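Novice: One-letter residues, chain by chain:
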Amino acid sequence: MATPTIVGRVLRSSTTSFTVGCRQLISEQDQRVPEFGALVRAEAKDGNLIYGLIANVTIEDDAFVRQLVAAGVESAEIIEDQRQKRQVPIVVDVLVAGSGRALEVYHRLPAQPPSTLDQIYLCNAAEIVRFTERHDWLRTVLAAVEAPADQLLISALRAAAQARPPDRREAYLIAAGRELAKLLALDLARLDGVLRGVR
Amino acid sequence: MGSGGPGYGGVAWATLPGQLREGGPVALELNKLTGQVVAMGQALAQRSDELRERVDRARETLGRTPVVTDELRAKIRRAREIDEWRRGCIPLGNCLDERCRPVVQPKTFTLIAADGSQVYPDRHGIAAYFLLNTGTIVLRAGSGEAPSVESAPEIFYADEDLYDADGQMRTPEYINAQRSRREIAALAELAETERTLLGGDLSIPIVCLTDGPLLPWQGQGAAHDGTLSEEIDFFARQMRRLRAARAIPVGYVDRPNSAYVLRILELADLPPEKITRESLRRGPFLRLSDRFLFDDLRPNERGALFTPNSETNDRYEQASGGDRIVFTYANMSRLEEARHSAVARIELPKWAVDDPTLLDTAQAAIFTNCEPTSYPYVLARAHELAVVGGAEKEGLEQMLFQAMLRNGQMPEISFKAANKLLTGGGRRK
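Chains as they are written, first to last, in the numbering used here: chain A, 471 to 669; chain B, 87 to 515.
No lab work stands behind these hints, which were simulated from the structure alone. Worth double-checking, as some hints may not be accurate.
Some but not every residue of chain A turned toward chain B, in silico, with C-beta under 7 Å [stated by the list, open to error]:
#: 1; residue: Val-539
#: 2; residue: Ala-541
#: 3; residue: Ala-546
#: 4; residue: Glu-547
Here are the computed lysine-lysine pairs in the DSSO-like style, where the Cα-Cα straight-line distance is at most 30 Å [stated by the list, open to error]:
#: 5; chain 1: B; residue 1: Lys-161; chain 2: B; residue 2: Lys-193
#: 6; chain 1: B; residue 1: Lys-502; chain 2: B; residue 2: Lys-118
#: 7; chain 1: B; residue 1: Lys-118; chain 2: B; residue 2: Lys-506
#: 8; chain 1: B; residue 1: Lys-193; chain 2: A; residue 2: Lys-555
#: 9; chain 1: B; residue 1: Lys-436; chain 2: B; residue 2: Lys-479
#: 10; chain 1: B; residue 1: Lys-479; chain 2: A; residue 2: Lys-555
Bear in mind the structure is a predicted one, so any value in this text is a computation, not a measurement. Cβ coordinates follow ideal geometry from the N, Cα and C atoms, glycine included.
Sequences and hints are given; from them, build the entire structure.
Specialist: Structure below.
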């Protein structure tokens, strides 16, 4: 089995969201990590899993990097140093979307949030398919207050479709769209926005 | 001299980001300082005028007597004999006012920098220890790749590390010397590794930077108790390693306060018979720095070469079998105006300046690396990797606290330290 891609480590957490610090925008496996809308998981010591969606990525700055920007830095090596090696983390906000244990997935909030410095992994295609098999997670995302819920939903649904074999992607999106139509029956403008984004 | 008089030679305080200027709560009662600050402002303005006048005189002397005559050399020797602690220097060339720019401009080169920081023993703390942290960076210019960076922290707690032979707690000078040793040894090791990685290819220059002077610095007492000799021997060994790896060691002194060249200029108008300890210690250019004299260097221009006329340098010459540390002043700013000049003292071993290509290469490499901020980027990063801030020190003490508890000890700080913790947040009335 391939080594799971590490997004970073938990800086702070709560039942509904957690924040991860990571050092680079490219993983050791040369993947673009972290990406908005990606499904990630934390694993507690007792084996419980916490699933979440990357809802925001912030690249922090500091006085040093501001000075370099103001001075108009040109050197490729200095730019790469600032991007890859600085001790200023990239901050990733994750919306908790569910929990689980081994191959079981529950679309409900975990009993406990991940702990400080827990490693956060990127879910692979099989895990994404397993997590999105039922559509109850859509409700959690729609209810998110502090995340850009509609855009997050669009990105997560597209990723979920992409994780499936090509011949099953459309069927998946249609089923998810039906679920959304039920959830957003009283807000047709919002439903229209999400469906257009997914298409 | 720039229009603003002798410059600060750094980043204008007013241009720093707000959070760097504004501290936390302060206990200082500023209202009680109003009168003193007004008087201080006036005094500073007066001093600036007086300074400008004396810098003009120094510059006039330099313009009038730029040639290094036999008579001047004799005077320099005489001044050293009369007052051995006078920090003078000996010109290597025949002109004090020489100016030149590097004629080579390497596109591909490797810059290595090392910087260390320390936590001194605190007799009021939970345990006796000191900490050294060495930050290093290897930047391969022209590769387009991120540099290699590392920091190496070490904690010293054993009796033989903490106490000298007389049972006295190690002094800050001792700890500083250990830090300097690690810096120069890290440069030598990284230079050797880099040269090996290059497959011995000598076409790619390696320039190794330390923050501050190259020579080990010790208090005046050290010269007599053997400590200085040990430090010099260690330093000479590392310099030999660097030379063997064909790496150019450079001590980079930003905003130097040295007045080596001014000490020579003070002798220019002093007849040999009037060179006395009193006349030397009342020289007309006291409290000035050479950087004022050289702030009209153009970008990437350097002045003449000199070698410090010091006991430490003499001892290094002995230990190294004939090498000496030499220096020049160079302007690392890209801006033409004198008020923006970034005059640095650049120190190198004499073998490196004997080959003009090596000196040019080192200067050009450093100037390129100074591009964003008029200060070597690699030194700024090495410092960043080394520095132990308040939060890190607190984290370390927490770890130590836990480790002591696990071993059945109840860590305690002194009453004084405990009270400082209680009152440190600001004063109440």
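Novice: Work down the list of hints and note, for each, if the structure agrees.
Specialist: We went through each hint and held it up to the structure:
Interface hint at A:Val-539: violated, since its Cβ lies 9 Å from the closest Cβ of chain B, which is beyond the 7 Å cut-off. The restraint placing A:Ala-541 at the interface with chain B holds, with a minimum CB-CB distance near 4 Å, inside the 7 Å limit. Evaluation of the A:Ala-546 hint against chain B yields a held restraint, the C-beta minimum of about 4 Å falling below 7 Å. For A:Glu-547, the shortest C-beta to C-beta distance to chain B is roughly 5 Å, which falls under 7 Å, so the interface hint holds.
Distance hint between B:Lys-161 and B:Lys-193 is unfulfilled; the C-alpha atoms sit about 44 Å from each other, more than 30 Å. Note on B:Lys-502 and B:Lys-118: the hinted pairing holds, with a Cα-Cα distance of about 27 Å set against a maximum of 30 Å. Between B:Lys-118 and B:Lys-506 the alpha-carbon distance is near 24 Å, which keeps this suggested pair within the 30 Å criterion. About 23 Å separates the Cα atoms of B:Lys-193 and A:Lys-555, which keeps this hinted pair within 30 Å; it holds.
Simply put, B:Lys-436 and B:Lys-479 have alpha-carbon atoms about 40 Å apart, too far for the 30 Å limit, and the pair is violated. For the hint linking B:Lys-479 to A:Lys-555, the alpha-carbon distance of about 22 Å falls within 30 Å, and the restraint holds.
Checked against the numbered hints given earlier, this structure breaks hints 1, 5, 9; the rest are met.
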